[in-house]
Amino acid sequence: MKEKIKIASGQGFWGDLIDAPYDQVTKGEIDYLVMDYLAEVTMSILQKQKNKNPKLGYAKDIPELMKRILPICVKKGIKVITNGGGVNPVACAEAVADVAVNLGIKDLKIAVVVGDDIKDDIARIINSGCELNNMDTNESILTVKDRLLSANVYFGAFPIVEGLKLGADIVITGRTTDTGLTLAPMIYEFGWEDSDYDKLSAGTIAGHILECGGQSSGGNFLGDWQNIPDLAEIGFPIAEAYPNGEVVITKHPNTGGRVSFQTVAEQLVYEIGNPAEYITPDCVADFTSIKLEDLGNDRVRVYGIKGKEATGFYKVSCSYQDGYSASSSLTYSWPEALTKAKAADKILRKRLQNLNLKFDEIRSEFVGYNSCHGPLSFQLEEEKINEIMLRIAVRSHDLASVERFGKEIAPLILTGPPSVTGFAGGRPKPSDVVAYWPALLPKHLVKPEVKLISLLQESERK
Amino acid sequence: MKIKLLDIAHGRSGDKGDAANIGIIAYDDRGYEIIKKHLTAERVKIHFEGICLGSVERYELPNLRALNFILHNTLGGGGTVSLKLDAQGKTLAAALLRMEIEI
Chain L
0 MKEKIKIASG
10 QGFWGDLIDA
20 PYDQVTKGEI
30 DYLVMDYLAE
40 VTMSILQKQK
50 NKNPKLGYAK
60 DIPELMKRIL
70 PICVKKGIKV
80 ITNGGGVNPV
90 ACAEAVADVA
100 VNLGIKDLKI
110 AVVVGDDIKD
120 DIARIINSGC
130 ELNNMDTNES
140 ILTVKDRLLS
150 ANVYFGAFPI
160 VEGLKLGADI
170 VITGRTTDTG
180 LTLAPMIYEF
190 GWEDSDYDKL
200 SAGTIAGHIL
210 ECGGQSSGGN
220 FLGDWQNIPD
230 LAEIGFPIAE
240 AYPNGEVVIT
250 KHPNTGGRVS
260 FQTVAEQLVY
270 EIGNPAEYIT
280 PDCVADFTSI
290 KLEDLGNDRV
300 RVYGIKGKEA
310 TGFYKVSCSY
320 QDGYSASSSL
330 TYSWPEALTK
340 AKAADKILRK
350 RLQNLNLKFD
360 EIRSEFVGYN
370 SCHGPLSFQL
380 EEEKINEIML
390 RIAVRSHDLA
400 SVERFGKEIA
410 PLILTGPPSV
420 TGFAGGRPKP
430 SDVVAYWPAL
440 LPKHLVKPEV
450 KLISLLQESE
460 RK
Chain H
0 MKIKLLDIAH
10 GRSGDKGDAA
20 NIGIIAYDDR
30 GYEIIKKHLT
40 AERVKIHFEG
50 ICLGSVERYE
60 LPNLRALNFI
70 LHNTLGGGGT
80 VSLKLDAQGK
90 TLAAALLRME
100 IEI
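Respectively, the protein sequence lines represent chains L and H. Residue numbers for the first sequence follow numbering that gives the first Met the number 0, beginning at 0 and rising by one. Residue numbers for the second sequence follow numbering that gives the first Met the number 0, beginning at 0 and rising by one.
Do not rely on the hints blindly, as some may be mistaken.
[Unchecked claim] Across the chosen pairs, the derived CB separations fall in these ranges:
1. H:45 / L:73: 26 to 34 Å
2. H:49 / L:409: 29 to 37 Å
3. H:32 / L:421: 21 to 29 Å
4. L:231 / H:61: 30 to 38 Å
5. H:27 / L:25: 56 to 64 Å
[Claimed, not checked] Once the Cα atoms are required to be at most 20 Å apart in a straight line, the calculated PhoX-like pairs of lysine-lysine come out as:
6. L:144 / L:118
7. L:290 / H:35
8. H:15 / L:314
9. H:36 / H:1
[As the list claims (entries may be wrong)] Simulated coverage check for chain L against chain H, where a stretch passes if three residues somewhere in it have a Cβ under 8 Å from a Cβ of chain H:
10. 19–32
11. 281–295
12. 386–393
Keep in mind that the hints were calculated from the coordinates and are not lab data. Being a predicted model, the structure only gives us computed values, none of them experimental. No residue lacks a Cβ here, since even glycine has one placed at the ideal position from N, Cα and C.
Working from the sequences, and respecting the hints, build out all of it.
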């Protein structure tokens with residue numbers, strides 16, 4: 000057994016710093032590179048892409064990235080784990096295999112985890128007695144079944160561990176928890192059991208610290224953010240993991256950012272519910288048991304973690320089409336910028352009303368005044384306001400109403416208050432409103448599958 | 000004596016569906032005693048009047064000198080349903096730090 004392993008975060012979301020994974024594999028020694036690509040909205044976007052082209056539906060950045068880092072990973076023995084397979088992990092793995100073949104790499108094993116996509120399996124699940132009731136409203140999924148865009152089970156670390164046991168150098172999954180990506184190599188390398196709840200919780204919490212990339216190493220830090228060194232060259236976080244479950248969070252030397260008690264603590268409280276019960280498919284981790292020790296030099300020890308057995312359910316995230324929305328903006332300058340923006344808003348609303356359009360919601364915000372903190376915003380002295388951006392957004396189940404809204408913005412320039420600018424990019428187009436349907440599924444009703452993808456020339460694939 | 004929450008604590012906020020989570024972390028033990036005593040769920044609910052339309056839950060993490068608040072029915076539907084510029088509640092931690100506390 001190794002006495003420690005280094006797991007590096009390469010991406011906090013799809014769209015994160017392109018060079019971060021490259022920096023992680025080149026600026027110091029690591030054993031694993033883990034990359035989280037999936038937000039809830041991402042799954043529905045990927046499903047739409049796959050509907051148009053069955054070879055798509057994964058994070059397209061991955062093959063491009065692999066072209067750059069694969070030769071380095073192979074040379075250094077770095078394993079890569081990512082959930083960027085989206086709704087088509089097999090196609091993603093095949094694309095990576097093609098990259099490897101083109102680079103002349105022969106000895107590479109790629110594992111994929113599938114089985115999380117239950118969109119075409121809803122009928123069987125309902126017949127098995129689970130109506131995937133909405134966790135918030137308790138309604139049956141049947142109420143939105145015809146409008147479903149995607150439906151995915153969150154798998155945990157263990158299917159990835161299975162891939163690593165098959166000898167995989169790269170593991171590509173669909174909907175896997177962000178935390179599972181980091182926990183999996185610890186289970187695999189240290190031989191942890193599925194009943195080692197404290198250790199599984201420790202690895203899960205390390206995963207929570209890593210899952211948003213630079214957010215634990217000085218990015219988006221609300222403390223003394225002005226003093227964080229060199230954010231332009233921020234080093235993404237690395238978990239140095241030990242067999243007893245202890246972890247040191249750090250980053251490569253000679254990179255920007257900061258790893259401290261405070262930067263790690265901010266990430267720990269990010270997007271959590273009841274801290275004593277952080278539920279994953281692998282365990283229930285207790286965030287109130289976490290001990291943090293700032294060791295200095297961008298090293299924070301995380302230890303003392305307790306946890307419990309996982310629940311009998313997987314979380315399921317479904318998305319469905321729920322109407323249309325559009326937003327647009329106009330900018331008004333001094334003098335009386337706020338008064339002009341408010342007057343424009345009133346005129347626009349009157350016109351929308353006169354047209355008898357149907358909206359579920361119309362929302363106006365005055366950027367530069369109250370768009371972030373609403374009623375908590377300070378009152379401004381009109382004389383000292385340089386400019387205000389009116390941002391107005393609508394939502395409706397009636398597409399025609401949203402389309403017509405888009406045509407009513409530009410006319411305000413010639414038929415509303417003066418000193419107005421900033422209408423660029425043409426009429427705002429309606430976009431689909433994608434709503435979420437969180438549900439629970441008894442674990443026995445679905446089974447993760449792990450398989451190896453062979454390195455074939457593209458022409459050899461059927 | 001009045002103190003600004005911003006001077007004794009930092010934090011981070013995000014979304015969980017239509018609920019926002021706000022984690023507030025005190026810089027030292029004394030600061031934690033102050034937020035633990037004064038930053039009640041009721042006080043946070045009143046602070047966010049007109050923004051948080053549901054209930055507020057509070058959890059304590061003394062190990063991190065932190066409190067975690069869940070603000071239900073706050074993000075205008077959440078996810079891509081919300082028409083808010085800050086649909087994910089990213090700036091709400093800063094909004095809470097506007098509070099002044101009498102000690």
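Results of checking the hints against the structure:
For residue 45 of chain H and residue 73 of chain L, the Cβ-Cβ distance of about 59 Å falls outside the hinted range of 26 to 34 Å, so the restraint is violated. Taking 29 to 37 Å as the suggested C-beta distance range, the pair residue 49 of chain H and residue 409 of chain L conforms, at roughly 31 Å. At roughly 48 Å, the beta carbons of residue 32 of chain H and residue 421 of chain L sit outside the given window of 21 to 29 Å. Range check, residue 231 of chain L to residue 61 of chain H: about 36 Å between beta-carbon atoms, so the 30 to 38 Å window is met.
Range check, residue 27 of chain H to residue 25 of chain L: about 39 Å between beta-carbon atoms, so the 56 to 64 Å window is missed. Between residue 144 of chain L and residue 118 of chain L the CA atoms are separated by roughly 10 Å; this keeps the pair inside 20 Å, and the hint holds. Between residue 290 of chain L and residue 35 of chain H the alpha-carbon distance is near 19 Å, which keeps this suggested pair within the 20 Å criterion. For the hint linking residue 15 of chain H to residue 314 of chain L, the alpha-carbon distance of about 14 Å falls within 20 Å, and the restraint holds.
Among the hinted pairs, residue 36 of chain H with residue 1 of chain H is consistent with the structure: their alpha-carbon atoms are about 15 Å apart, no more than 20 Å. Given as covered by chain H, the stretch 19–32 of chain L fails the check, having 0 residues with a CB less than 8 Å from a CB of that chain where 3 are the minimum. Here the stretch 281–295 of chain L counts 6 residues with a CB under 8 Å from a CB of chain H, which clears the bar of 3, and the coverage holds. Figure legend: the stretch 386–393 of chain L, annotated as covered by chain H; annotation consistent (3 residues with Cβ-Cβ distances under 8 Å, at least 3 required).
Figure legend: structure checked against the earlier numbered hints; hints not met, in rising order: 1, 3, 5, 10.
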